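Number of protein chains: 10
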Amino acid sequence: MFYMVQMFVNRPESVSDEKWAELRTAEMNYAQDLMREGKFRHVWRVVGDVSNVSIFDVDTHAELHDILQNLPLFPYMDVKVTPLAEHPSGLPEMYAYAS
Amino acid sequence: MFYMVQMFVNRPESVSDEKWAELRTAEMNYAQDLMREGKFRHVWRVVGDVSNVSIFDVDTHAELHDILQNLPLFPYMDVKVTPLAEHPSGLPEMYAYAS
Amino acid sequence: MFYMVQMFVNRPESVSDEKWAELRTAEMNYAQDLMREGKFRHVWRVVGDVSNVSIFDVDTHAELHDILQNLPLFPYMDVKVTPLAEHPSGLPEMYAYAS
Amino acid sequence: MFYMVQMFVNRPESVSDEKWAELRTAEMNYAQDLMREGKFRHVWRVVGDVSNVSIFDVDTHAELHDILQNLPLFPYMDVKVTPLAEHPSGLPEMYAYAS
Amino acid sequence: MFYMVQMFVNRPESVSDEKWAELRTAEMNYAQDLMREGKFRHVWRVVGDVSNVSIFDVDTHAELHDILQNLPLFPYMDVKVTPLAEHPSGLPEMYAYAS
Amino acid sequence: MFYMVQMFVNRPESVSDEKWAELRTAEMNYAQDLMREGKFRHVWRVVGDVSNVSIFDVDTHAELHDILQNLPLFPYMDVKVTPLAEHPSGLPEMYAYAS
Amino acid sequence: MFYMVQMFVNRPESVSDEKWAELRTAEMNYAQDLMREGKFRHVWRVVGDVSNVSIFDVDTHAELHDILQNLPLFPYMDVKVTPLAEHPSGLPEMYAYAS
Amino acid sequence: MFYMVQMFVNRPESVSDEKWAELRTAEMNYAQDLMREGKFRHVWRVVGDVSNVSIFDVDTHAELHDILQNLPLFPYMDVKVTPLAEHPSGLPEMYAYAS
Amino acid sequence: MFYMVQMFVNRPESVSDEKWAELRTAEMNYAQDLMREGKFRHVWRVVGDVSNVSIFDVDTHAELHDILQNLPLFPYMDVKVTPLAEHPSGLPEMYAYAS
Amino acid sequence: MFYMVQMFVNRPESVSDEKWAELRTAEMNYAQDLMREGKFRHVWRVVGDVSNVSIFDVDTHAELHDILQNLPLFPYMDVKVTPLAEHPSGLPEMYAYAS
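Chains W, A, C, Y, D, X, L, H, F and P are the protein sequences, given in the same order. According to full-length UniProt numbering, the first sequence is numbered sequentially starting from 1. According to full-length UniProt numbering, the second sequence is numbered sequentially starting from 1. According to full-length UniProt numbering, the third sequence is numbered sequentially starting from 1. According to full-length UniProt numbering, the fourth sequence is numbered sequentially starting from 1. According to full-length UniProt numbering, the fifth sequence is numbered sequentially starting from 1. According to full-length UniProt numbering, the sixth sequence is numbered sequentially starting from 1. According to full-length UniProt numbering, the seventh sequence is numbered sequentially starting from 1. According to full-length UniProt numbering, the eighth sequence is numbered sequentially starting from 1. According to full-length UniProt numbering, the ninth sequence is numbered sequentially starting from 1. According to full-length UniProt numbering, the tenth sequence is numbered sequentially starting from 1.
No wet-lab data here; the hints were simulated from the structure. No experiment lies behind these values; they were computed from the predicted model shown. Keep in mind that the hints are not guaranteed to be accurate.
To be verified - If you only want the chain L side, here are some residues facing chain H, beta carbon under 8 Å, derived: (1) V9; (2) N10; (3) T25; (4) G90.
Unchecked claim - Within a straight-line C-alpha distance of at most 25 Å, the following computed DSS-like cross-link-like pairs (lysine-lysine) qualify: (5) K39/X x K80/X; (6) K80/L x K39/L; (7) K80/Y x K19/D; (8) K80/H x K39/H; (9) K39/D x K80/D; (10) K39/C x K80/C; (11) K80/L x K80/X; (12) K80/H x K80/L; (13) K80/A x K80/W; (14) K80/L x K80/D; (15) K80/A x K80/F; (16) K19/X x K19/H; (17) K80/X x K80/Y; (18) K19/X x K19/Y; (19) K19/C x K19/D; (20) K39/W x K80/W; (21) K80/C x K80/D; (22) K80/C x K80/Y; (23) K80/H x K80/P; (24) K19/H x K19/P; (25) K39/F x K80/F; (26) K19/P x K80/A; (27) K80/F x K80/H; (28) K80/P x K80/W; (29) K19/X x K80/D; (30) K19/L x K19/D; (31) K19/F x K19/L; (32) K39/H x K80/X; (33) K19/Y x K19/W; (34) K19/C x K19/A; (35) K80/F x K80/L; (36) K80/C x K80/W; (37) K80/F x K80/P; (38) K80/A x K80/C; (39) K19/P x K19/W.
Quick reminder that beta carbons are idealized off the backbone N, C-alpha and C, glycines included.
With the hints as extra help, turn the sequences into a complete structure.
If you want it as structure tokens, here you go:
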């Protein structure tokens with residue numbers, strides 16, 4: 001099932017550059033594992049902002065919540081989750097992913 | 001280039017069922033042509049609402065504006081456009097479309 | 001899976017008392033069928049408003065969207081859907097329904 | 001009587017991991033006592049957020065206020081309380097709890 | 001128990017002066033009966049607006065909802081209900097009403 | 001003249017428990033003096049929140065502003081003031097206070 | 001006493017040009033009488049909008065409410081009232097009006 | 001030309017009482033010079049808030065911006081500027097200031 | 001002096017296609033005259049919306065208000081006006097226009 | 001292509017005057033280079049605020065995002081990006097820049 005997840009990242013002043021770089025690397029590795037597993041289908045950067053538009057494809061709410069709360073940057077995020085369904089205008093192949 | 005386009009449709013009371021069905025069919029055909037041309041990459045229905053999350057992939061703002069204002073349902077829509085860039089965590093293939 | 005669905009009903013002036021009574025009866029029958037099927041777990045009236053807080057328990061987003069858009073009063077509603085997961089503080093039996 | 005209580009938790013940076021874990025354990029024990037007493041009927045986690053949707057069943061506003069302000073995490077919460085009544089579409093058994 | 005009820009009245013253009021005067025008279029009689037019964041403790045007009053701040057004193061949410069939805073002007077209102085408890089700074093007599 | 005005053009209290013982390021208790025005691029004494037003088041007619045706690053709904057009865061804006069800015073907790077408050085007039089539906093005695 | 005009153009005028013489509021012109025003339029005459037009486041101290045047009053910023057100087061809330069609800073355009077307005085007091089930085093003469 | 005300037009002052013915890021008193025004195029002197037020059041026509045305190053409604057009368061945007069950014073309390077303010085024009089209902093003398 | 005003017009156009013259902021086309025032509029002619037006079041410096045279409053971002057360059061608020069309220073589409077617009085000053089980072093030539 | 005970029009700068013208390021002056025100088029130099037390259041077409045200061053309205057003219061979202069995130073003051077900004085297209089009423093020369 002598809003979920004749009006909009007993540008708004010707010011870096012507190014107290015977090016050092018080193019720590020923040022460390023967190024961001026961990027975040028990237030964590031995200032890319034999910035992408036390779038086919039759970040994290042799309043991610044785009046919102047131009048001019050430290051936020052993104054992500055599309056997740058998982059089986060249950062619980063699975064998504066578990067994925068999100070274990071994001072290394074989760075403590076520094078405001079997250080908005082929107083459940084998505086296939087659109088009647090969408091071509092079938094738009095919802096079929098290889099894996 | 002990628003744009004998120006969120007379309008919120010508000011059907012006025014004065015539009016008959018027939019007219020609305022006609023408009024929706026025209027909208028689907030128009031959208032699917034764009035999808036086959038590779039300009040309209042993704043569309044999902046927001047669960048419980050008459051709105052969608054769409055991802056367009058076009059070369060210029062002008063092209064997107066032209067596409068949107070010619071949507072048969074455009075006069076009945078509130079539209080929010082968000083320019084998107086590739087995200088550093090995204091896998092390269094996530095931004096490469098066959099056509 | 002659980003979803004909170006908040007429904008805000010706005011009756012247009014043009015809808016007659018008879019038509020509205022008809023719609024509300026159809027809505028109640030439709031809802032109670034879903035309740036007996038175990039898909040519509042909870043519904044409460046928000047005091048002082050023509051809106052409700054509902055908890056649905058269905059397997060997919062698509063199933064929920066289909067249920068909602070076929071509500072007789074759907075054309076007269078603003079709907080907000082919030083996906084819910086089990087809470088770590090919740091007692092197990094709170095999420096186990098007989099049917 | 002039923003109340004929806006939406007709790008939005010904001011952990012300040014200054015609270016250590018140990019202190020926060022301690023608070024969360026106290027919160028769980030406190031909540032589960034109320035659940036066993038039949039005052040705290042339902043709690044769901046909002047997917048992707050550190051907030052919940054709770055349904056309380058108590059006799060007076062004062063009782064609810066007392067319960068809420070004694071939540072161990074109360075100082076770190078924004079709380080929204082919505083009084084709920086039985087809905088005309090609801091099946092009688094939906095409002096009848098064993099204890 | 002005390003509830004603040006803020007009522008915002010919106011008169012549609014289609015309602016004639018006669019009908020509106022009739023509704024307002026019915027509203028006043030209905031309200032004053034409740035006031036004499038001790039259920040409708042306070043009402044103030046918000047200066048410059050067609051809205052009021054009311055304090056109701058009833059035993060249950062259901063009773064309040066029933067009272068509100070039977071207000072003659074209810075179909076033309078947006079209503080916000082806020083449950084109130086006695087304040088620790090309040091003098092005891094502020095919460096004791098003769099009847 | 002009547003004013004609704006909604007006070008939203010935000011305790012900064014830096015204020016110690018002792019200091020806060022001191023401030024709250026001073027606030028209660030200050031408020032109760034005003035209540036006995038008949039200037040502070042009503043106060044209710046908003047259930048689940050650290051905010052209140054108060055009704056003041058003073059002769060001028062200046063007098064109210066002076067009262068409010070000298071509240072011991074004023075520096076920690078967001079305050080919303082709404083001027084109120086007698087409502088045409090209100091019974092005369094609802095606006096007549098013994099002193 | 002001073003009140004800022006912000007008036008936002010919304011002309012319904014159903015009101016004819018003649019009727020609207022009539023209402024506006026009545027509004028101007030009504031307003032200018034109040035100005036000559038010293039109750040309506042200031043009025044400015046918000047540039048680009050059909051709204052104004054007005055400063056009234058009357059003795060009671062009730063007097064202001066009566067003035068406002070009898071504005072010929074009142075049924076077509078959203079009105080926001082803000083009670084104002086003399087500012088400690090203001091020069092005394094700024095609050096002294098000849099009549 | 002007239003501008004409404006609404007200033008919302010937020011005193012950070014870190015600013016000592018002495019420093020704040022110093023800033024407020026400087027602010028008053030600075031404001032009163034502008035008042036005597038006829039650039040700062042009106043200022044009222046919003047009752048119950050640390051904000052004001054001011055009317056400036058200057059020749060250009062640049063002049064106003066320069067005045068505002070040099071307010072001693074400017075770093076601690078949120079400022080909203082609304083350009084104002086003479087209102088057709090206003091009496092001519094309402095816009096004519098001695099100096 | 002520079003003003004940003006954001007115009008949001010809302011076409012009522014009751015306005016015929018012919019009438020709307022007429023209004024839009026009149027609007028374009030009116031706007032282009034102002035552009036040639038150097039009062040209307042910039043206009044861009046907001047992608048996906050029936051709104052624009054315009055930059056006007058006129059001498060007084062009154063002049064701008066007069067220009068705006070005489071726009072043929074003014075009755076169908078929500079308008080937001082923001083006064084702008086030269087920015088310290090801007091190159092001088094950015095504010096110098098040939099005529 | 002044109003983008004409106006609205007930048008809202010929030011200087012944290014912890015940043016010293018020296019550091020802030022350094023950042024602002026770097027910001028100006030960075031901006032003026034972009035202006036001379038023809039990528040940063042317009043910038044105006046919003047009167048009374050530490051925010052600006054900027055018009056960028058670049059070829060892709062990615063280029064804009066790269067420009068913005070490398071602004072020296074970017075970590076202290078809230079940024080809103082609005083894609084703009086040529087307006088049908090605009091004179092051709094309004095969109096033609098020498099370089």
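Taking the hints in turn, this is what the structure says about them:
no. : hint          : in the structure
1   : V9            : 12 Å, violated
2   : N10           : 17 Å, violated
3   : T25           : 10 Å, violated
4   : G90           : 5 Å, holds
5   : K39/X x K80/X : 17 Å, holds
6   : K80/L x K39/L : 17 Å, holds
7   : K80/Y x K19/D : 38 Å, violated
8   : K80/H x K39/H : 17 Å, holds
9   : K39/D x K80/D : 17 Å, holds
10  : K39/C x K80/C : 17 Å, holds
11  : K80/L x K80/X : 13 Å, holds
12  : K80/H x K80/L : 17 Å, holds
13  : K80/A x K80/W : 17 Å, holds
14  : K80/L x K80/D : 18 Å, holds
15  : K80/A x K80/F : 18 Å, holds
16  : K19/X x K19/H : 22 Å, holds
17  : K80/X x K80/Y : 18 Å, holds
18  : K19/X x K19/Y : 22 Å, holds
19  : K19/C x K19/D : 22 Å, holds
20  : K39/W x K80/W : 17 Å, holds
21  : K80/C x K80/D : 18 Å, holds
22  : K80/C x K80/Y : 17 Å, holds
23  : K80/H x K80/P : 18 Å, holds
24  : K19/H x K19/P : 22 Å, holds
25  : K39/F x K80/F : 17 Å, holds
26  : K19/P x K80/A : 38 Å, violated
27  : K80/F x K80/H : 13 Å, holds
28  : K80/P x K80/W : 18 Å, holds
29  : K19/X x K80/D : 35 Å, violated
30  : K19/L x K19/D : 22 Å, holds
31  : K19/F x K19/L : 22 Å, holds
32  : K39/H x K80/X : 30 Å, violated
33  : K19/Y x K19/W : 22 Å, holds
34  : K19/C x K19/A : 22 Å, holds
35  : K80/F x K80/L : 18 Å, holds
36  : K80/C x K80/W : 13 Å, holds
37  : K80/F x K80/P : 17 Å, holds
38  : K80/A x K80/C : 18 Å, holds
39  : K19/P x K19/W : 22 Å, holds
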